[in-house]
Amino acid sequence: MTSSTQTAMPDSLMADSRAGQGETPAVRLTGITKTFGDNMVVQPLDLDIRQNEFFSILGPSGCGKTTLMRMITGFETPTDGSIELAGSSVDGLPTRKRDLNMLFQSYALFPHLTVFENVAFELRVRREPKKDITRRVQDALDLVRLGDLGERKTDQLSGGQRQRVALARAVVSRPAVVLLDEPLGALDQQLRKEMQIELKRMQRDVGITFIYVTHDQEEALSMSDRIAVMWKGRLLQIGSPQEIYDAPATEFVASFIGSCNIIPAISAGPGNAPTVAGIGEVPAVEVGAAEPVGSHVSVAVRPERMSVSASAPATGWSTTGTLTEAVYLGHEWRYGIRLGSDAHVFTTVPSTQLGPELGALRTGDSIFVSWAEKDARVLAE
Amino acid sequence: MDRFLGWVTKLVLVFLYVPIVAVVVYSFNASPRTSSWEGLSLRWYVELFGDGPLLKTLQTSLIVGIFAAGLATAIGFLSALALTRYRFKGRAFFLGAIVLPLIIPEIVLGVALLTVFGSSGIKLGVVTLVLGHLIVALPLTTLIMMGSLSSLDPSLPEAATDLGCTPWQTFTRVLFPLTRSAMLASFLLSFTTSFSNIVISTFTSGVGTTTMPLRIYSMLKTGITPEINALGALLILLTLVIIFAVGLQQMRRILVGAEEKDQAPDAAPDTISLQTATTER
Ligand SMILES: Nc1ncnc2c1ncn2[C@@H]1O[C@H](COP(=O)(O)OP(=O)(O)OP(=O)(O)O)[C@@H](O)[C@H]1O
Ligand SMILES: [Mg+2]
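Residue numbers (this note's numbering), protein chains in the order written: chain A, 126 to 506; chain B, 11 to 291.
Honestly, the hints are just simulated from the structure, not real lab data. Computed from a predicted model, the values in this text were never measured in an experiment. No residue lacks a Cβ here, since even glycine has one placed at the ideal position from N, Cα and C. Do not rely on the hints blindly, as some may be mistaken.
What follows is a list of derived Cβ distance ranges for each label pair [said to hold, decoys possible]:
id	chain 1	residue 1	chain 2	residue 2	range
1	A	ARG252	B	PRO29	48 to 58 Å
2	A	ASP163	B	PHE103	52 to 62 Å
3	A	GLY162	B	SER206	31 to 41 Å
4	A	LEU218	B	ILE208	52 to 62 Å
5	B	LEU244	A	ASP267	22 to 32 Å
6	A	ASN177	B	TYR96	45 to 55 Å
Beyond 10 Å from chain B on every Cβ pair, some chain A residues (computed) [as the list claims (entries may be wrong)]:
id	residue
7	THR158
8	THR220
9	MET227
10	SER231
11	GLU323
12	PRO389
13	VAL412
14	ARG430
15	LEU448
16	GLU450
17	LEU483
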């Protein structure tokens, strides 16, 4: 995958990086860039984050998510570009004057203060009236269901409780934006699931824009209004969870979000089906600008969108492959199949839909594979 | 084996404390010679408070000690902050430069200081004493403060900034409360270092700014009177008072911590056991 094709994000997808006209975005990034030494960690990017949106930045480790977030908070100065919060520029404005709060991965609770004092910290620093403070802190603690733990020291709390205190502390002053950097990273699986639901509920209740950094695609899919997929300092695609999952713009997005079969193919030019070595033409939708005839592309098909059968389906397109493995996973079967001369794909069949014909197949047998045109996408390599 | 160790421990303790006890006991000795006992008397305490020149040197030592310790603690804190929070060019060199006086013989430092002060025309006095003591105290305070700061979550200062603190408020509301005991330790340790210093003081004190250790040292030639025992006893008393003041504060913290634990019966089980472990430690 060459880097030049990655920058050429199709116009239809690029449109999502800017909000509609007339609406003031909560955060607007214009040409934001960050370089450490000669390492460009964040490539020039534009991004609008809408008001009251749950916006996730999803990408593998080291792709620049934290750096991007730290530029929005003001901990890091962008090498180039400008940042607006609620329509006004914050370039050069120190963090404490930006109407946002950050939830740190380590929670960064103040160990010398009680839970109540931690949550009250910002209101006290900003010299809010005393009687307001007590009420607002109590409200925030109630919001995270820690109403009766105000007098505890923070080291007397469990991981999940500390997380909630950090959250209460971040939202108590009702900032316009809260940034969360992998906030659930330190929690175990069970607690993670609970907190995901809790976070989503809270974001809806308080109506604050959440910018959520994660490298867990499941988390991003289940919680976000919109997701930006980041890779090597670039935003590859911005869209709703459905758009990102069903219509990935690049091979990386397709394989990073959920699992996806990537079948190497040769483009046959605009309007023509691409060819897969050893199979011939396969049905697939083109995404954005068509690749020139003869160029290498890939056809991306989600495993669950592929269907398999022991005999040729009566209607529609299908091809044969060789069954290389059949693994029983309880609720479903997982089939590994060799397609054409150099493609290897896998697909899943729910256990309840496994007919006797399919069940009788052994590894090495021929198996028929098919998919609908709309479920396969031609992606630039 | 255990009994043998027990005896060694007792011997070491005796060896450590016999001189201290002796100083206190002999400060009440009526005899003008330290070698013989002639009954109880407060005579040397009376003489001590009448000895103007000696008290003057005590005053000099206190002033120098307080300034040197204050400066060493403040500068040590700032250096440690830079060294633990930022990865900058020349960090290792900077750290090395600060701790170097720990391994350079003091006599060399003293001579070097005298040369510098002499050639730059700085008059020897309290200022040069403070500067000299600062050099030997700074490595100690920097290392103590680095230990304390590096045990803190590095995102705490950023969290404070994020929650509206100016850099000064970040210090007063977060960094200072969390490093208070290390600061106190830094101050006391550098104060003692300054207060008992002889070598550097020899080279950096001027006319009329003799420090107390220098004065006592010079009295060796004319003969030490039990008056010095009285002074010693008072200094030991002062040290004990400080230790108890600090120690009681620590003790109260532990007690208060235990109380809080009792009031929190529904804490998660793992936090309780953790808490107990810390208290026992
Ligand atoms: N202060 C810094 N100086 C130099 N390089 C840095 C600095 N901060 C980050 N980097 C580099 O920038 C790149 C992106 O780092 P960043 O922390 O933004 O990644 P991330 O997407 O948050 O990764 P993770 O998921 O592991 O947290 C990394 O290669 C990192 O080494
Ligand atoms: Mg990160």
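Would you list, in rising numerical order, the hints stated earlier that this structure does not obey? Per hint list: 2, 3, 5, 6, 8, 9, 10 violated.
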